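Chemist: Sequence:
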Amino acid sequence: MHTDDRRAADLEELGLTNYEARVYLALIRRDVFTAAEVAREAQVPRQRVYDVLEGLTRRQLAMLHPGKVAGYSAVAPETAVHRLMEQQRRSLDRLERLSGELAEELLPTWDSGRTHTDPLDYVEVLRDSADTSERFVRIQAEAERELLSFSRPPYVTDIADNVAGMEASARLHAAGGTVRSLYTVDMLEDPEFLASVRRFVEVGEEVRVAETLPLKLIIADEATVLFDMPDPVARAGANTALAIRHPSLAAALRLAFQAVWDESPTMDEAIKLREAARTPAE
Numbered sequence: 001m002h003t004d005d006r007r008a009a010d011l012e013e014l015g016l017t018n019y020e021a022r023v024y025l026a027l028i029r030r031d032v033f034t035a036a037e038v039a040r041e042a043q044v045p046r047q048r049v050y051d052v053l054e055g056l057t058r059r060q061l062a063m064l065h066p067g068k069v070a071g072y073s074a075v076a077p078e079t080a081v082h083r084l085m086e087q088q089r090r091s092l093d094r095l096e097r098l099s100g101e102l103a104e105e106l107l108p109t110w111d112s113g114r115t116h117t118d119p120l121d122y123v124e125v126l127r128d129s130a131d132t133s134e135r136f137v138r139i140q141a142e143a144e145r146e147l148l149s150f151s152r153p154p155y156v157t158d159i160a161d162n163v164a165g166m167e168a169s170a171r172l173h174a175a176g177g178t179v180r181s182l183y184t185v186d187m188l189e190d191p192e193f194l195a196s197v198r199r200f201v202e203v204g205e206e207v208r209v210a211e212t213l214p215l216k217l218i219i220a221d222e223a224t225v226l227f228d229m230p231d232p233v234a235r236a237g238a239n240t241a242l243a244i245r246h247p248s249l250a251a252a253l254r255l256a257f258q259a260v261w262d263e264s265p266t267m268d269e270a271i272k273l274r275e276a277a278r279t280p281a282e
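Take the sequence shown: its letter number 33 is residue 33 in the numbering used here, and every next letter is one higher.
With beta-carbon atoms standing in for the labels, derived distance ranges: (1) P108 <-> N18: 37 to 47 Å; (2) P108 <-> V201: 53 to 63 Å; (3) A103 <-> V163: 48 to 58 Å; (4) P108 <-> H246: 23 to 33 Å; (5) Q60 <-> D121: 53 to 63 Å; (6) D111 <-> V185: 51 to 61 Å.
These aren't lab readings, by the way, just hints derived from the structure by calculation. As the structure is a computational prediction, the values presented were derived from the model and not from experiment. For every residue, glycine included, the Cβ atom is placed at its ideal position computed from N, Cα and C.
Using the sequences provided together with the hints, build the complete structure.
Modeler: What follows is the structure in structure tokens.
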């Protein structure tokens with residue numbers, strides 16, 4: 001960096017503008033300059049130099065010499081630097097005082113904001129099937145200890161495409177967690193679907209089969225639930241899903257899940273019961 005450029009940058013650090021720094025550096029080169037002369041020396045536009053000289057004079061960094069043609073000279077560098085430092089100290093003191101006052105004024109509002117919560121900020125309403133599918137994938141991927149689900153048609157995500165569920169089942173099982181799914185008995189009539197369920201069983205999911213299920217539901221880590229709410233009055237197929245992070249609700253639904261789980265047969269038992277029902281009595 002050119003010496004004058006470096007010196008100008010240092011003066012700017014002390015609070016001068018670039019034009020002020022360049023004009024001051026020009027003024028120290030001789031006793032007196034006219035405005036036109038210093039504009040040429042400092043390479044500052046002539047229409048701006050008067051404002052710059054006035055600013056330096058006001059800050060006691062330059063002196064005006066009245067006359068037929070006014071002249072300007074710089075104060076000694078040690079004096080100029082001392083005055084700039086004093087101005088910076090006063091400015092810093094003012095900023096410290098203002099910042100303290102501002103922090104004190106803002107603190108009550110900040111404290112109030114910490115205690116304010118939207119009464120329903122833990123409820124997420126999902127009306128689009130793509131949003132519901134994405135949320136279903138995320139809940140499975142984020143589960144750390146337990147996944148419990150009621151699975152019944154129509155399925156938001158085809159079981160064969162539920163990669164997140166497969167990975168979550170394997171991951172939780174390997175970590176000593178729990179993955180349990182209840183399906184409706186009609187799934188036993190679909191060989192492809194049954195084969196997909198068996199793949200989940202192979203990686204650690206526990207499966208049982210219920211005659212009916214009241215809704216589609218997944219409970220993660222006893223804290224988050226996702227369930228569908230078929231609209232009883234809208235057109236057929238209209239559906240809304242709710243994702244709710246609420247441990248008390250999750251605990252209540254977990255009890256409901258456990259009640260159905262306890263009275264439902266395993267998949268193999270359900271298959272045997274179906275086969276026995278189809279075998280004519282001897």
